[in-house]
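Trainee: Go by the hints and put chain B onto chain A.
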Amino acid sequence: MTVTNYQDRMRELGLALPIDPEAASRWRAAPRLDTLHDKVGGFLGNRKANADLLLRDVGERLAKDLELGDLIAVDKYVYSRPAAAEVISELSARCDFVVTAIAD
Amino acid sequence: MGYGPIMLASDVSDAIELMFETGWTDGLPVVPPSEPLVRQFVESAGRGGDELIAELPPLGGRATVERIAVNAVMAGCRPEHMPVVITALEAMMDEGFNLRGVMCSTGIHTPLLIVNGPIVKELDINGGYNCFGSGWRANATIGRAVKLALLNLGGAIPGETNKATFGHPGAYTYCVAEDEDASPWLPMHVELGFAPTDSTVSVFPAEAPHNIMYHASHSRNFLTVLADTMCTLGNVQMYVMGDTLVVIGPEHAKFLHRDGWNKRDIRQFLFEHARKPVRKLRQGGPPQGDSRRGHFWPRYIDADDDDQMVPVVRAPERINLFVAGGAGGPHSAYLPGWGSRRVTRKIQR
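Protein sequences, first through last, are from chains A and B. Each residue of the first sequence is one higher than the last, beginning at 1 in my numbering. Each residue of the second sequence is one higher than the last, beginning at 1 in my numbering.
The shape of chain A in the complex, shown without the other chains (with noise of 0.2 Å):
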């Protein structure tokens, strides 16, 4: 059964929605670039040293394999929170794109 076809039936039943249907859209993925060649990639780490790890092999090979640019490696502060707005602006700025990574 779709997520359509969900609220069908709820509406069949005389029930209100516990969710925001609209929520999962108002999240898009980040515009696709046609090549990473020559581009300036930001690598944004959160501190946490099995994350650090992750990034850093990450940019090695994309740096490696797809002749970046350039490589930016910024941190956060904390792991837990976003980035502050001075790194994105300065990320946004200076890259083409961005990788994050994630792990504890």
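Because the hints were derived from the structure by calculation, they are not lab data. All of these numbers come straight from a predicted model, not from anything done at the bench. Careful: at least some of the hints might be erroneous.
Interface residues of chain A toward chain B, partial, derived using beta-carbon atoms under 10 Å [claimed, not checked]:
| # | residue |
| --- | --- |
| 1 | Y6 |
| 2 | L13 |
| 3 | A16 |
| 4 | E22 |
| 5 | A23 |
| 6 | A24 |
| 7 | R26 |
| 8 | V78 |
| 9 | S80 |
| 10 | R81 |
| 11 | I102 |
| 12 | D104 |
C-beta: ideal position from N, C-alpha, C; glycine also.
Mentor: Same frame as chain A, but now just chain B:
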């Protein structure tokens, strides 16, 4: 079909099963949120149904009064519980609480609600025997309503966006009152500057209550036992700090008060004694894997000095303290936090 206020038994059964199919439940059956019931809950909230209370992370679902009402009906609440549920969700949106992190972490904490003020008696919220356990409708359903909203509107789905390694029994419901009558001290909300006639809800990302057994009546020894329990190497707070929570049982509160201890003294004692040396904490392993940078210790702690004693919180006032539990039991409880803050809001009615 069950349009309007009347539902056939088969519709009720269908509705309950539908909630399981959709994943819009915590794993227990829910009360079908019929539209008349939801309207009644919205009216009881005293706010417009379309009023936006929060965009709940991680998904960012828009938690309007009506959608919160739907989840409160499903949880088994009574309409008069709505103001507590709404205020708790509002409080969790405070940046200090870090709701996104709380709901997505691999840790074992979950939001706890602590209710103070006259509303405790009005709604019969339990702060006495078995206050963290079962048996009280208000505790069970108010806490559950909040958790259902976080699941259904916040999208904190176990194993998907909610990465808790073990999870927490309190993820079903976690709501308690302070037993203000049993406390020899000011209630928690009054300490925080609210009037005794105000009703408040505090939210705190808490691990499960850890029992502090102490059968004698020596205040300093009791506090030493409590402090020792608070600073274990596995306690995430030894690295990430934030707020922590101590619940003093009525029996312990009596002899502490008899011996002249007030809350400020207790906090100061615990701050000074719930400590571990840097050398031991290095064995524990902070989240970032490097004890010299992987912590949020107070600036005055020298992470290169093995003998420095690290407190469980950055300052005494970060130790939250209230009285609850049944009379006669020589027990208190310690609930470690997760690095973020307790947030308290007045319940608007």
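Trainee: Compare the structure with each hint and give your call.
Mentor: Okay, the hints, checked on the actual structure:
1. Interface hint at A:Y6: satisfied, since its Cβ lies 5 Å from the closest Cβ of chain B, which is below the 10 Å cut-off.
2. Because the closest C-beta pair between A:L13 and chain B is about 5 Å apart, less than 10 Å, the hint holds.
3. Hint status for A:A16: holds, given a least beta-carbon distance of 5 Å to chain B, under 10 Å.
4. The interface hint given for A:E22 is met, as the beta carbon of that residue sits about 8 Å from the closest beta carbon of chain B, less than 10 Å.
5. Hint status for A:A23: holds, given a least beta-carbon distance of 4 Å to chain B, under 10 Å.
6. Because the closest C-beta pair between A:A24 and chain B is about 7 Å apart, less than 10 Å, the hint holds.
7. The criterion of a C-beta within 10 Å of any C-beta in chain B is met by A:R26, whose closest approach is roughly 6 Å, and the hint holds.
8. At about 8 Å, the closest approach between the beta carbon of A:V78 and any beta carbon in chain B falls short of 10 Å, and the interface hint on this residue holds.
9. Restraint check, A:S80 versus chain B: the minimum CB separation of about 3 Å is within 10 Å; hint holds.
10. Taking 10 Å as the C-beta contact cut-off toward chain B, the hint placing A:R81 at the interface holds, the least distance being around 6 Å.
11. Given the 10 Å rule on beta carbons, the hint for A:I102 holds: about 8 Å separates it from the nearest Cβ of chain B.
12. Hint on A:D104 holds. Least Cβ distance to chain B is approximately 5 Å, under the 10 Å limit.
This entry satisfies every hint, going by the numbered hints stated previously.
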